[in-house]
Amino acid sequence: MTGLPLLTILIAIPLIAGFIALFLSPSGARWVALIATLLDLALSAYLWVLFDPNGAQWQFVEKLPIAGNFSWALGIDGIALVLLNLTTFLMPICIGASWRSIEKRVPEYMAVFLLMEALMLGVFAAQDLFLFYVFFEGGLIPMYLIIGVWGGVERIKASYKFFLYTLLGSVLMLIAMLYMVVTAHTTSIPVLMGYNFPPGAQTWLFLAFLASFAVKLPMWPVHTWLPDAHVQAPTAGSVILAGILLKLGGYGFIRFSLPMFPQGSAEFIPLMFVLSGIAVIYTSLVALVQRDMKKLIAYSSVAHMAFVTFGLFAMNRQGIEGAMIVMLSHGLVSGALFLVVGVIYDRLHTREIGVYGGLSNNMPGYALLFMVFTMASVGLPGTSGFVGEFLSLMGTYQASSWGAIAGTTGIILGACYMLWLYWRICFGEARTPEAAAMVDLSAREWWLLAPIALAVFWMGLYPESFIRPIRNDVGRILTRLDTVRPTGDSHLTLGMGAHAHMDMEVK
Amino acid sequence: MGRFAPLLPELILSIGGTIMMIAAAFAPRRASGIVNWLCVLLLLAATAALVGPPSHAGPVFDGLVTEDLFASFGRAIMYPSAAVAIIAAHGWFERGTEHASEYGVLIVFAAVGMGVMVAATSLIALYVGLELNSLASYVLASYRRTDERSAEAGLKYFVLGALASGILLYGISLLYGFTGTTNFTGLAAAFARGAPSLGLLFGLVFVLAGLAFKASVVPFHMWTPDVYEGAPTPVTTFFASAPKVAAVLLATRLCVVALGPATDAWRQIVIFAALASIFLGAIAAWGQTNIKRLLAYSSINNVGFALVGLAAAGPRGTSAVLFYMTVYVVMTVGAFLCVLWMRDANGEPVEEIASLSGLSQTRPGLAAAFAIFMFSLAGIPPLFGFWPKLLVFTAAVQEGYVALAVAAILGTVIGAYYYLKIVKVMYLDEPAPPYARVREPVQGLLILVAAIAVSPLGYLLIGPLGRLADRAAGSLF
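From first to last, the protein sequence lines are chains E and X.
So for the first sequence, the working numbering puts the first residue at 110; every next one is plus one.
So for the second sequence, the working numbering puts the first residue at 2; every next one is plus one.
If you're looking for bench data, these hints aren't it; they were derived computationally from the structure.
Take the hints with a grain of salt, since some may be wrong.
Unchecked claim - Here are the simulated PhoX-like pairs of lysine-lysine, each with C-alpha atoms no more than 25 Å apart in a straight line:
| # | chain 1 | residue 1 | chain 2 | residue 2 |
| --- | --- | --- | --- | --- |
| 1 | E | K266 | E | K404 |
| 2 | E | K270 | X | K422 |
| 3 | E | K266 | X | K157 |
| 4 | X | K422 | E | K213 |
| 5 | E | K213 | E | K172 |
| 6 | E | K270 | E | K404 |
| 7 | E | K213 | E | K270 |
Turn these sequences into a full structure, and let the hints steer you where they fit.
So, in structure tokens, the structure goes:
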């Protein structure tokens with residue numbers, strides 16, 4: 110590996126750029142933000158190239174002791190690597206999406222966004238428990254400001270709700286972290302991932318972490334902050350929220366709950382499955398009746414995140430890999446869908462579905478891309494959504510057939526609300542003259558959406574690129590879970606034709 | 002002379018303060034600035050004098066006071082923050098008819114009292130230090146005597162303070178009556194002889210109640226919002242910082258050294274007081290419209306968190322208390338300096354939270370600093386205010402008080418609401434009429450330094466500050 114502290118540089122670039130942006134003119138701040146996020150994208154892509162999937166578990170490790178146990182310890186495994194890249198990939202797109210639509214206090218806006226990026230990257234790269242917490246919680250402040258300052262009409266209520274809800278969840282996790290550090294005498298996440306806490310304590314630790322991650326993910330019934338936050342946030346804020354912040358919950362489960370508290374996790378599988386099952390059906394039904402486009406997509410996010418929890422708590426390779434792909438895919442697709450909504454919101458300044466209609470006539474390019482993302486969200490084979498949801502459900506089926514039934518019902522409902530949304534917006538006759546007069550995508554908007562569409566197809570057609578880095582890490586988690594995994598109710602028998610790789614893994 | 006070397010900081014302050022008092026009496030009014038700056042110098046000199054014998058001399062005057070690192074640590078926080086309180090008043094009292102020059106002198110005398118408080122290892126020294134500090138404080142609270150609110154604050158503080166002193170003295174007399182000694186080590190020996198008698202327990206409760214008043218801990222906090230609101234803002238800056246440290250540290254030393262063997266007896270009191278302070282401080286602040294009242298509740302809330310560390314007892318808990326109070330002082334002083342800069346177009350001070358509206362657009366720097374202090378007081382990472390909270394919670398968990406830590410941490414969420422409200426007013430609301438510019442470069446510099454110290458850059462201090470706090474706490478055990 111190279112001697113440079115690449116991860117620190119990755120985090121420092123947006124921080125420094127954000128500070129500089131504060132003192133620039135609006136257009137200067139925009140360019141600085143764009144350049145910094147592109148630099149970060151290039152650097153993280155470089156990390157991907159350097160990353161050796163068959164090498165050590167933790168790569169690019171850096172450690173600088175600060176005091177006692179607490180240290181500036183960074184390092185990534187494959188799981189963190191792909192999520193880092195998701196973050197850096199979405200960030201320049203967010204900056205681009207805010208290029209014209211944000212007009213007031215631009216330098217501050219860009220600074221806050223860059224701060225946000227630095228903190229999110231820090232979450233994925235942190236190897237110290239408290240460092241993780243600092244980054245994890247720190248993300249609240251910039252998001253609070255993004256929603257509160259640049260948000261819609263009811264932004265203040267939404268920003269409070271977002272902040273206090275997530276803070277309440279996280280402080281319980283903090284207590285659990287304190288207990289872990291006191292018991293295990295270390296703050297190192299890699300060490301803790303191999304530490305065996307007493308089973309009785311694991312129950313409580315799992316619940317405390319669940320309080321935090323369930324709110325972040327979000328799981329039913331603690332998802333109610335999400336629709337408000339999404340609807341009120343500016344477009345780019347929604348993209349970040351859906352694309353990255355929600356992933357923190359799933360990442361937390363993978364990084365902490367499963368490997369650190371395997372017994373605790375196993376105990377709560379029924380609970381997780383029931384909550385996921387309710388989420389996927391209930392929120393899909395709620396999404397069906399929304400009149401506000403952003404709200405609809407927000408509820409669909411909750412439903413998609415249920416596939417993550419389904420897959421993770423299936424505790425087998427297909428489930429966990431599927432959950433990871435769902436997270437990546439959802440980050441891209443829901444981010445793109447919020448951008449798609451943002452495109453027409455910028456033109457008519459309303460998110461009412463009833464105002465639009467027939468956009469395929471006057472905005473063919475827009476309709477095409479919208480179609481791609483709708484299909485990806487529905488899970489059409491060939492798009493990223495299919496790979497993730499299929500794997501996740503396959504894993505779930507091995508653990509619980511009832512869970513799989515609920516999950517597949519969710520897919521059907523998902524197709525209903527997404528296709529109906531698409532139909533109402535793009536097909537038929539334009540319902541208002543303003544909608545009929547809208548112009549098609551500008552070059553800037555093409556540049557924002559086309560890369561995401563490409564990534565969606567890439568992930569859908571050749572998911573191996575994204576599974577290869579995480580394969581060994583998932584294997585390590587599975588070894589931690591081996592002793593506690595309950596037997597499923599599906600009694601699978603694999604035929605001769607099954608893939609050799611799957612043969613080994615289905616136990 | 003060598004005998005007095007450990008007392009050098011107090012000597013500097015006492016002698017210097019007396020000279021300044023005479024100078025203030027005879028100096029012309031316009032010389033008040035010089036007198037105050039000299040008082041600042043005295044406090045800084047006293048801080049510098051802490052290096053050497055005052056931090057490791059041990060018991061002095063037959064154990065009346067003990068000059069150890071714990072005492073010096075406390076003074077090293079209190080003296081500079083008292084100096085800042087003098088700087089904060091620069092140009093403040095000159096607007097009215099008051100004699101501005103005595104202000105610095107009174108703070109110096111209060112600082113002497115505080116210095117004695119943190120070093121006291123005898124009930125008598127404890128009381129003398131406390132009263133010296135209190136008497137100066139009563140006068141300071143009513144310093145703007147032409148202002149009704151200030152006079153009211155002084156009177157209220159005095160009447161309630163006198164009551165608390167009475168309670169404290171009664172407790173001291175009970176402790177003395179049942180043990181025959183006022184010395185902390187003697188008390189510890191008496192408590193170690195078996196289960197404390199009813200009289201001793203009463204004495205302990207009364208003494209703690211008296212100290213709780215001084216530290217404005219629930220249920221003895223009632224004076225705090227009124228006095229903080231009524232007293233001139235520089236005085237409030239002082240009240241909220243140094244005397245709190247003195248009272249908390251004094252309580253810590255008393256509990257750990259003198260009452261150490263009776264830990265089970267006082268721990269439940271401290272736990273109750275801590276939780277009551279956290280929750281009352283958090284909830285009562287919700288409806289406040291006056292920034293000084295709000296910060297008063299914030300200080301009640303924060304002292305509650307420090308007490309969580311005290312409830313954990315032991316070296317780690319004590320160290321957490323020291324760390325907490327250090328960071329608390331920086332955050333509070335910074336916040337009050339920002340309040341000091343809230344002036345309307347005529348340069349008159351404003352205290353309404355509503356007047357902060359849209360400050361981020363009219364005065365981005367001031368708003369950013371204020372927001373940093375608010376988030377830090379709320380204990381939201383990545384700001385530095387998070388770390389001391391983490392330390393006290395760690396100490397509590399380590400001692401097995403998980404429920405206490407959980408309750409306290411839920412208090413932070415409730416408290417976060419009103420800190421967030423201030424940030425909301427500054428960043429999310431439409432701009433109100435802008436404040437007048439305050440031309441006080443030194444105060445501006447202090448705000449900047451405080452803001453940087455509690456920003457994420459503060460984490461660089463964890464190492465040195467933590468080690469120092471550990472060593473200071475170790476000197477008690």
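The hints, checked one at a time:
1. K266(E) - K404(E): holds, 16 Å
2. K270(E) - K422(X): Holds, because 12 Å separates the two Cα atoms, which is no more than 25 Å.
3. K266(E) - K157(X): violated, 39 Å
4. K422(X) - K213(E): Holds - the C-alpha atoms of K213(E) and K422(X) are around 22 Å apart, at most 25 Å.
5. K213(E) - K172(E): Between K213(E) and K172(E) the Cα gap is close to 40 Å, so the pair fails against 25 Å, i.e. violated.
6. K270(E) - K404(E): holds, 16 Å
7. K213(E) - K270(E): Holds, at about 24 Å.
The structure is inconsistent with the numbered hints 3 and 5, although it conforms to all the rest.
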